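**Q** Dock chains F and E against chain G, hints included.
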Amino acid sequence: MIKGVIEGSFHITGGDFTNAGIASSEVKSILTGLGISSDIVRRAAIATFEAEMNVIIHAVAGVMHYYVSSERIRVVINDMGAGIPDIEQAMQEGFSTAPDWVREMGWGAGMGLPNIKKNSDVFRLESAVGEGTTLEIILNLREEDLHEAE
Amino acid sequence: MTLIQIIEILEARVVFGPNADETEILSVCASDLMSDLLHFSVRPKAMLITGLTNSQVVRTAEISEIKAVVFVLDKTPEREAVELARQKNIPLLVTRLSRFTACGRLYSEGLRSCTGEDR
Amino acid sequence: MKLSEIADRLGIKIKTKDCDTAREVKGCYISDLLSDVMANAKEGDIWITLQTHPNIVAVASLKNLSGIIITNNRTPENDTMKKAEDEHIAIASSPLSTFETGGLLYKMLGC
Numbered sequence: 001m002i003k004g005v006i007e008g009s010f011h012i013t014g015g016d017f018t019n020a021g022i023a024s025s026e027v028k029s030i031l032t033g034l035g036i037s038s039d040i041v042r043r044a045a046i047a048t049f050e051a052e053m054n055v056i057i058h059a060v061a062g063v064m065h066y067y068v069s070s071e072r073i074r075v076v077i078n079d080m081g082a083g084i085p086d087i088e089q090a091m092q093e094g095f096s097t098a099p100d101w102v103r104e105m106g107w108g109a110g111m112g113l114p115n116i117k118k119n120s121d122v123f124r125l126e127s128a129v130g131e132g133t134t135l136e137i138i139l140n141l142r143e144e145d146l147h148e149a150e
Numbered sequence: 151m152t153l154i155q156i157i158e159i160l161e162a163r164v165v166f167g168p169n170a171d172e173t174e175i176l177s178v179c180a181s182d183l184m185s186d187l188l189h190f191s192v193r194p195k196a197m198l199i200t201g202l203t204n205s206q207v208v209r210t211a212e213i214s215e216i217k218a219v220v221f222v223l224d225k226t227p228e229r230e231a232v233e234l235a236r237q238k239n240i241p242l243l244v245t246r247l248s249r250f251t252a253c254g255r256l257y258s259e260g261l262r263s264c265t266g267e268d269r
Numbered sequence: 270m271k272l273s274e275i276a277d278r279l280g281i282k283i284k285t286k287d288c289d290t291a292r293e294v295k296g297c298y299i300s301d302l303l304s305d306v307m308a309n310a311k312e313g314d315i316w317i318t319l320q321t322h323p324n325i326v327a328v329a330s331l332k333n334l335s336g337i338i339i340t341n342n343r344t345p346e347n348d349t350m351k352k353a354e355d356e357h358i359a360i361a362s363s364p365l366s367t368f369e370t371g372g373l374l375y376k377m378l379g380c
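As they're listed, the protein sequences go chains G, F and E.
According to this note's numbering, the first sequence holds residues 1 to 150 in order.
According to this note's numbering, the second sequence holds residues 151 to 269 in order.
According to this note's numbering, the third sequence holds residues 270 to 380 in order.
To be clear, the hints were calculated from the coordinates, so they are not data collected in a lab.
This one's a predicted model, so the numbers in the text were calculated from it and none came from an experiment.
Idealized CB from N, CA, C, for every residue including glycine.
One thing to keep in mind: the hints can contain errors.
Not everything, but these chain G residues come out facing chain E in the computed CB check (under 10 Å) [claimed, not checked]:
#1 GLU93
#2 GLY94
#3 SER96
#4 PRO99
#5 ASP100
#6 ARG103
#7 GLU104
#8 MET105
#9 GLY106
#10 GLY110
Same shape as in the complex, but just chain G (with noise of 0.2 Å):
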C-alpha cells in the first residue's frame, strides 16, 4: 500500500555525463522499494532516464520531480535550456539535433521522447525557445500493479 504521496526531486545538470542517470536510479529503486511490479517499474525508469538525458544533453540545468500515490506515478522535468521549436518534428522517431560528439557516446540517435512517450500513459511536453522545456509524464497504477513491499 502506498499512504498519501511520496515526492522528491533530483538536480540535473547540463552536459555531467559522468552523473548521467542517478536520479533515474533513485526512481527505480524507490518504486521498487514501494512495491510496484517490476514492468511499471522498467517503463518508468527508461522514461525517467532518457528524459534525464535529454536534459544533460540539451539544457544548461534541470529538476526532476517525481509524485507517487498509489493511483500514479507522475514524473515533471523542467529545465532551463534552449527549448524545442517543433515539437512535432522532434517527436518523430530518429530526428534528433544532438552534435555529433554526442552520438559518439551513444546517444542522440532521435529516439528519446518517443521512447518517453511510448512508456508513459500521458505525456505532455512544453517549451519556449530560448528559455526552457517542461515534459510531464504519468504511468497509471492498477491495484495489481501494486504489491506489498518487502
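**A** The following block gives chains F and E in isolation, referenced to the frame of chain G:
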C-alpha cells in the same frame, strides 16, 4: 549458457565478475546506441556487446535490466563505469575480439537476439 | 563472397541503384560509432549498423567499404539514400537485429 562459458568462448578477461558460474545468459544485444537498447523491450537474461566504455553503458544496462556487458577490441571500461558496475552488481568482460567475431561465435553457439522475434 | 550473394542468402534487398553488387565482401565490421568504423574497419568490409544518417555514406566511402547493412528494419533517411547513390555505396536493410545479422554473416563467410 553461463557467463563462465561466455568468458571461454570470447577468450575474455573479467573486469568485474560476481557469480559468473551462476549468471545465465540467453540472449545478446550488439549496440552502441543506448536509446535503441531502451527502446526495444529487452528479453530476460540479456547481455550487451558494445564498443562504448563510458558509465552510461552500465547505467543503461541497469535500467534495461541487462545482466552483463562485454567490451570488444580490448577496450577497457572507464573507471566510473567499473565503479557503477560494482554498485549495481553487473558483470563486465573485455574481449580482444571484434564485435563481428564475438557475435559470430555466440550466435553459432545458439544464443539469439535480445530484441525482436525468434527466427 | 559477392555482395549480391550475401543479400540473397540473408533474404534482404540492396536498396541503392547503381552500385557494384558483384563486389567481393572481404569481411565484416559491426559498429554504430562512426569514429570506431573510421579507426578499425578494413577496406572491403561490409558494415552492419543501426545508424541511418547521411554521415554513414561518407565513412563507407572514405574507408572503401563494400556496403552497409542497416538492421532492425530501420530505413535510411532520404538524404542518406541520395548520397549513397551519388557515391555508389550499396545499402541494404535487414529486419533482423545487429547480433543476428552478424551471426548469420559470420557463418556464411566461414570465419
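**Q** Is the shortest C-beta separation between G/SER96 and chain E less than 10 Å?
**A** Because about 8 Å separates G/SER96 from the closest Cβ in chain E, which is inside the 10 Å limit, the hint holds.
**Q** Checking hints one by one. Is G/ASP100 an interface residue toward chain E, by the C-beta closer than 10 Å rule?
**A** holds, 8 Å
**Q** Is the hint on G/ARG103 kept, meaning its closest Cβ partner in chain E is under 10 Å away?
**A** holds, 8 Å
**Q** Double-check G/PRO99 for me: the hint is only fine if its C-beta lies closer than 10 Å to a C-beta in chain E.
**A** violated, 12 Å
**Q** With a cut-off of 10 Å on the beta carbons, see whether G/GLY94 makes it to chain E.
**A** holds, 6 Å
**Q** Taking the least C-beta to C-beta distance, is G/MET105 closer than 10 Å to chain E?
**A** Holds, because the Cβ-Cβ distance from G/MET105 to chain E comes to roughly 9 Å (cut-off 10 Å).
**Q** Quick one, is the G/GLY106 hint okay against chain E at 10 Å, beta carbons?
**A** Where the cut-off is 10 Å and the nearest Cβ of chain E is about 8 Å from G/GLY106, the hint holds.
**Q** Under the criterion of a CB-CB separation shorter than 10 Å, is G/GLU104 in contact with chain E as hinted?
**A** holds, 5 Å
**Q** Next item in the hint list is G/GLU93. Is there a CB on chain E closer than 10 Å to its CB?
**A** holds, 9 Å
**Q** Min Cβ distance, G/GLY110 to chain E: is it shorter than 10 Å?
**A** holds, 9 Å
This entry does not satisfy hint 4, going by the numbered hints stated previously; all others are met.
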